[in-house]
Structure formats: structure tokens, C-alpha cells
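S.K.: Assemble the whole structure, with the sequences as input and the hints as a guide.
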Amino acid sequence: MHEKYNHQEIEKKWQEKWKEQKLYETLDEVKGKKNFYTLVEFPYPSGNLHIGHWYAFAVPDIFARTKRMQGYNVMFPIGFDAFGLPAENAAIKNKVDPKKWTYDNIAFMEKQLQSMGNSFDWSRKVITSDPEYYKWTQWLFLKLYEKGLAYKKKAGVNWCPSCNTVLANEQAVGGKCERCGTEVTQKDLEQWFFKITDYAERLLSDLDNLKWPEEIKTAQKNWIGKSEGTSLKFEIRNSKSETIEVFTTRADTLFGVTYLVVAPEYEKMEKWKEEKIIKNWDEVQNYINETKSKTEIERTTWKKDPSTGSGQVKTGVEIKGIKVVNPANGEEVPVFVADYVLGNYGTGAVMAVPAHDNRDFEFAKKYGLPVKEVIQPLITKEIGEDAFEKDKPVIERRSVVAVIKHWSEDKYLGAIWKKTGWQGFVIGGIEEGEDAKTAGLREITEETGYKNVEFVKTLPGIINARFLQRVKNQNRLAHFEPVLFRLKDGERAGVVEEEKILQDLKWLGPDEFEKFITHADMQIVWQRAMGNYCYTGDGEMVLGCRREGILVSSGEFNGLTTAEAITKITKKFGDKVTKYKLRDWLLSRQRYWGCPIPVVYDPQGKPHKVPGKNLPWLLPEDVKDFEPKGESPLVTSKELKERTEKIFGNGWKPEFDTMDTFVDSSWYFNRYTDPKNDKEFANKEKLKNWMPVKRYSGGDEHTARHVLYARFFHKALFDLGLVNEAEPFVERMNRGLILGPDGQKMSKSKGNVVDPDELVEKVGSDTVKMYLAFIGPYNETGQYPWDLGGVVGIRRFLERVWKIGLKIESHSAEASGDKKLENQLHKTIKKVTEDIENYKFNTAISAMMIFLNELEHTNQVSKGTFDTFLKLLAPFAPHMTEEIWNSPTSLKLRGANESSIHLEKWPKLDETKIKEEKITVVVQINGKVRAQFEAEVGISEKGAKEKALALPDVQKWLVDKKIKKIIFVLNKIVNFVV
RNA sequence: GCUUGAGUGGUGGAAUGGUAUACACGCAACACUUAAAAUGUUGUCCCGAAAGGGUUGUGGGUUCGACUCCCACCUCAAGCACCA
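Position 6, counted from 1, in the first sequence is what our numbering calls 6; the numbers after and before it change by one each time, with no gaps.
Treat the hints loosely; a few may be bogus.
Quick list of in silico lysine-lysine cross-link-like pairs, DSS-like style, CA-CA up to 25 Å [said to hold, decoys possible]:
hint, residue 1, residue 2
1, K268, K187
2, K803, K12
3, K13, K807
Calculated from the structure, these hints are not laboratory results.
M.R.: Structure, rendered in C-alpha cells:
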């Protein structure tokens, strides 16, 4: 061991040795060891590793190494998700071959990854763009196709008519082409889909059995978006057979329907046109064409509607000539076509209940349609319950209570209400977008006329008040927020007449003011609110609000609660149905660098599978132009066309589209179990050895899509009898994100990318890895701005360990008799072991730091103690610990030959060693800490009480006090309540 | 707007309902040094001379005791975005 901790030398040396010794190559089975499969999402070979990759791979390596030391046969594989758009973009930009670009990147990144010193098993590497891999992607696709889970249909893509090209959603920002600014339109293409919707229910219900963090489950649930509702049929007047079917989750509002809306794509539109029952067809057609020219993005971008002052711009036209009948009450209502209704969800038609749905309300307001209330909220009892009236809607308001100080004197502006004679402060409603401060400033100018006001501070005491506002006869729930203002001078404009009639202003002296600031003043504010005047609101808030409550104006259903009414109305007028937001998975890409879809078409255009013996169905290499043109660049391949005709016959054509890269990554974890198999995608026995993945770490950007797709794929394979379990991942952990030093997401264009190579060169792989683990809890998806400053803390820690290592060498091997140190050591074993299991590496490291501090302050440290500590540290700093472990003196002291620390057994916790004999008992008086004393573990309540009462610091506080109660918490607290 | 997550020192963060601010960074003083760096020691939430008091986004509540549980509100981040 050298005096100096030379990380460069050490890390290089051990990485080479580990490779030679094949230390991390995993056998399929090892006698006496259980298999343990831990996985990280494989990277896209973008060119070089950034610090985010380190965070993604180096930190979970701590877990993998620990599991290995704990006696598991651990598989921790790595590969490359190598198909994808960037390769083509590079090809277009730099005229390089996408394949070469990709494989060069892989070679470079492999080298970078090696410098991490991770315990990856490189022998199991998979690359999704290798024909040996995508052969099986194709084979699996065909399996799904055979089962009817892959199908073809027309679907829209974003299309730029000027560039003559297909755009990805992110290239069509704001409905305009990213490159030329032209309006993006929709173009229909025949495309391949996976029927993931068939699995919606299972994908949802199987979540219940997974031990995943709740937020990940919720994210998936939301993505699947199950909603149970009612299908209702509205008959078209004078037509017995024709109906418009709608889907609603709020059947209870059926009596409040005042019109119907259908989507512009509504399927029956054509039929109506042919039957010529639409009287204003030209107008309707115009509207439909208008929406068609808009993109999905444009249609769904949130814009505030200036004509209604709220919500999103809603447009539509009435379909004249069609009226429908409400099945519940026989009322006749009009039908509109509007693009706020989506063609691809539900039935493409909705019943509109403007009184209880915001969107319907906005639309109704804009087009002057009637609003019919059928639900009234239930009121819960609170203050002011007597004033509250049952069965009346509640209006929620935030109001500011403006306490206004005089510009020079110690007096405050009060208001006297002429009607009631009541005195209070200026009160005003807080409008949307305002805070109490700005609302207060505005109200003061309006109500008092004073011009120069400044904000001082927010006063404590928000009052929540429920009351009946008598003038308007409305139930209100108000939050009053008192704020202190100061007038700068007496300059004053006139006050509007309206305000003058209502109130007089009066200066209040300090005494009077005091009353308002204490708790009692809340009563006054309260009375003020109860008084017969309120400035705010026009009652519209209640309309358009979705509420639960009691049915009114609903015939026989009056008085039922929302839940009851939904059941009863559904039973009587409709059918119970379930809908999902989840759409089928569009897997076709009009791109070159992807897995070819193994399908060919006969001269009649009928699709056929490419037979197994012709797999892999190779991606042709004679494509030169990768520019997206609305069809796949593969159409320019002579080789592909010739190959197809040669194998299948004249007039046969290949499928030119390639697959979404999410297909490649939906099954790769299976391939790791048997990466070189050329007979099967993976042998079933080998799959059984390893699957399901015990812990899968990845970014939270993948929870909704990649993880869901992989689950779908695995379920489909399970149904086909190809895999052994229906769920691929036992545990899923999402990590956080490393931001640039500027707190922004790292990107080349922002120039805030942290280069890990440089850093590793400077401080070493162990330091970088440990720093990333130390930055915060790994199982929470926080965001961490990269801060180089913190790295030195870890580097110092490792250097101190190194130094102790040197010191130990000069010590004898005799056991230390230090009980306290042993106790600390075992506490550290416990903490570190538990924290690694829970991915809380930050606190594990902090525990080791605390122990190191202890070690440094102990004169005689035994080799055994230090070795145990070194083993705990080994997964975190694999190179350095290995070096110390194998230093000549260390070997001599151990009387051993060179062997890896990473093959050592994880330190075992000895529970008897962490038992404390003495503990500190805290003495509280009324919950406040006043003293503490040492006592033996398990001290009785009586003993503790006596000891506590003997303390002068306790007696001091108990003078002239009577002890009412004593709370005793074993080994922790004695609390005297007086 | 909806969903989810989060608000604790100058910073990253720590705390099964039981001594809030562990650990680390930064900063300050001191030691070593001709000096600096490195290293080490000590200190470092706020008010206060002290006794003591206050403090986990805000306001309430439950409790002997609340960062932790409940209610309301505010702010930030991410995802979804007219899903009936």
C-alpha cells in the first residue's frame, strides 16, 4: 500500500484483474446459492456517457454487489437499446451510416462503462440492433400476430405538407413544423398496432399484487384510465330505430341534460348526410373540415377562451334537423357537433349537463344554452350551522381582510356598515390569479379611495367560515386572510357611489384595533361575514361545478345521493359499461433504423408472415436516403424488394415500416437469461432460473410507457406459454434526475453537461459513485443539481479510510477489547445492511462516516474491526477496498493469499452486540425537554420518576406546580404534565 | 384544470408520534506553515448578556408530546392534458 491514495493506478489495476478472473460472469446455477436477478434499464448508445448514466448504473451496482456478498448468485446484466431515431438523424446530418454510427458509439460507451468498475456481467450483453437479437423480436411479433394481438389499421400521423415529411409529436410544437413553421396536418396511413387494450383489465388488476411504490402503481393506473359508467341511448325524434349512444360516468345527472354533443368524426354523420336529415349540412361540413385541418396538438392545446372568460376555447355548431329525446323525461334536446368531444373515446358522443360539468357549462354559456341544476350538495355541519341552509349549494370564496394603518399616527382604518351599524375592516374577494396582498391593494383603492398603500405583512389567523349570505341567499364557505397594509400618505381619490352607500370609514384607536388582532377579532370578522352584505361573486361558481350531493328536479329520483342515483338510473335507462383511456399500441414507424416488421404482402395486398426459416428478416443495407418522407426509407431499398420477390414470388411486396423501439425493450430482460441462444428467444428452463426480475431500477419517465409495454408483452408471452410468469418485475424502483450545475436538465445545447470521464480521472470512480449515492435517497424521484463541491466530502472520507488502513498495518492483529467500538460497529452493520436493501444509500454512507469518525478517535483498532468495516464499504468503493484488502501487510496479517474482497461474506449482525446497557432518559415538563439522565436499560416507571424528580433542573420547573399526570415511555421519556 | 410528489439551516439532506437540524458541503476562528494549499481542532438555525424563548411553507385541529396524523390554504416540480 502506498502512502498516497492513487485512484488512477488502483482502479485500472483492479478492473483488469476482475476481468481476467471473470469475477462477475454469472453462471446459470451455483450449488448452494439462490439466484438473484437485478436489472437496470439498458442505455441508448447516444455517443458518450454522461453523469446521468453513472447515476443510473453505478449506484444500483452497490445493491448488486451487496447481494452477491450476501450469498446470492447475482445476475446484473447490461446491453444497448440500439435502434432509434438519433442514429438516422446523425446519418442525415453527417452522412454516416446509422449502423456504423451506432456500433462505434457502443464500442466507445463500453469502454466508458468499464471505467465505472461496475459488476456487470458483460458476457450476457445484448444489442437490440444485432440480427441475432432482432430475429427474436420479429419471431415474438409473429407470435403475437398469430394470436390476433397485432393488427393493421389506418391511423393519423403528423404531416408537414411543406417538408413533405412525417413529424414526431415533439417536432410539431404548437401545431407548427419545427423546421419550416408550416401548419402541421394529419395524414392517414395504414399502420400496425398491438392490441394492448385487450390486456387493460389485467394490467390494471395485477398491479394490486405487486410490491411497487404506490406512486408508480398510480401512474400506471392513470395511464390505463379505467372508468366505469353508463351507456345511454337517446332516440332521434321521429325515428324508432335511430339512436345516439352516449357514455357517461354521471348517469345521476341525466335529468340535467340540455343538449347532446357529437365529435366531428362521429360515425353516423355520413349516414345522416346521405339521409339528408341535416338541414344545415354546409355549415356542419365546414366545421368538420375546419377541425380536420387542425392537428391533434392544436385541438388539445389549452387556451383560455376570451368569450367565456374561462376554460378552453370551445367551438361547435348545432346540427339542425336532428333532435333527440331524453330517455328519462321525454324532453327534446338539440344536438351539436363540437371538437371538445373526442371521436376516439367512449362512443364519440356525450350528453351535456352544463350545470354539473365545466366543459358543458362553458359551451352552454357561449352558445346561450339552458342550464338545469339537478344536484345539490350536502352541507357538513361546522360553524354557523344554524345559518346554513340544507340542500343549498355552497360557494367557496377567498377574501382578504385589509388592516390599514394610518400614515403617521397609530390608528387603523375601520369600516362601518350602514345597514347593520357593524364595524370591521375592509374586506374584499380574492380574484383568480391574485393573492391576498394584491387583492388587498386593489380593494383598498376601490373602497377607500386612498392612493398610496404599501403591503406590510400577512397577519396570522386565517378564518374559515361557513355561513348563509342572506342578501343573495347563498351558502358560503369563506377563507378570510388578514393582511396588514400601511398608507404612505393621505392622498385620496373619490370613492364610487356604490361603495359609499354601503359603508362609512372610520379611524380606530389602538385599543379598538387590538381587539381585531387577537383571537376575538375572528368573531368580528365572522359577524361581518354573517352580516347582510358581501361584495363578491355572482353565484356562477356553483354552476359548472361537478358535485356530489342530493338529486333535485329528477322526478322519482329526487332525494337520492349521487351514488345511489347512478346505480338506479343506469339500471332503468341504460347499461353499465367500462371504458379505458389506454389506446392500442401503434408500433409502425416510417423509419429506417429499427427492427423490420417481418410481414410481406401478396399481389392482392394481403399480409403474410415471413416464415421462421427466413428470420432474421434483415434490415437492408442499401438505403442511402434517410430523410423522412411520409413513408419508410426502406421503400428505396432494391435489395429488400428483390429478396421478397425471390423468396415469395413475383408481385410480392415487403412491409417497409419498422418497429417502435419500445418493442425491442419490451422483452430484452428475458434475453439476458440466455443471450446466445439461436434456437429460441430464451430457453424456458433458463428463464425459470432467473425470471422474474427481482429489482428493476430505472427513470420515472419510463413508468407509464416502457414498464407498461413490457408488462403487456410479458403477459402475452405468458398466455402463449413462452414464459413462466405473468409479471416480469417483482420490484420496480424509480430514481431521480441529475440536473446540470445550473439546476436545469442537462443538454448539449445548454452546455451544462457534466463529463464524467474528466471527473473520474480527477477523483476516481469510487468517489464519483459514492458521491452520487450520497446525494439523496435513491428510491425517491428527486432532482439533484450537480454540485462538484460536495464531491470533496466523499474523497476526504475515502482518503481517511486509506490512512487508517495504513495505520492498521502498523498495528498488531490482536483483537481490540473495546466494547463501545464493537457496539458501534454492529450498529453500523445493521444500518448499512438495511439502508442498502431500501436503496437509501445516502444514510448508509452517513452511518459509515459516523463509524469512521469513531475509528479515528480510537487508539487501538483491531484488524478484524477494520476488515468488517472494509467489507461494508466494499460495494460502495470496490476498487479502493480491494486494494487495501489485498495490500501485502494486510494479507500477511490475515495470513492469506490474494483474494477478492468482493468474494467475502457480508458482515453478520450480532444482535447481542448492539444491546445497550445505559440509555439516556429525557425528562419533559408539559412536553418540553427540561433535563435528562443516564439510566440502565429497562428502568421502571417508578425508578425513572424518582430519578427525574431528584434532578435540580426538574425541581426548578415543578415549584408551586401540581403534577397532574406522568407519561412514561420505556427507555426514552418521562413527561410530567402540570 | 386533473394526477402524483415535495416544501426542514447558506446548500445536499437526516429524523418507528418521543431530545428537530444526523452526515456532508460551505463559512468562521485557531493549530501546523515563511506563506498558501492540504490536514487537524473548535464553532456555525434565529432572538437574548444570561436565564430563557422561538423555529420544519401558512392557519387551524387531534395529542402529555406533531417534520411525522387530520382539515383548510399557499408555493414549487414532474406527468397527463377537453377521457364525458
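S.K.: Taken at face value, is the distance from the CA of K807 to the CA of K13 at most 25 Å?
M.R.: holds (23 Å)
S.K.: Assess, step by step, whether the Cα of K268 is no farther than 25 Å from the Cα of K187, and give holds or violated.
M.R.: Status holds; Cα separation ~22 Å.
S.K.: Given the hinted pair K803 and K12, is their alpha-carbon gap at most 25 Å?
M.R.: holds (21 Å)
Violation of the numbered hints given earlier is absent; every hint is satisfied by the structure.
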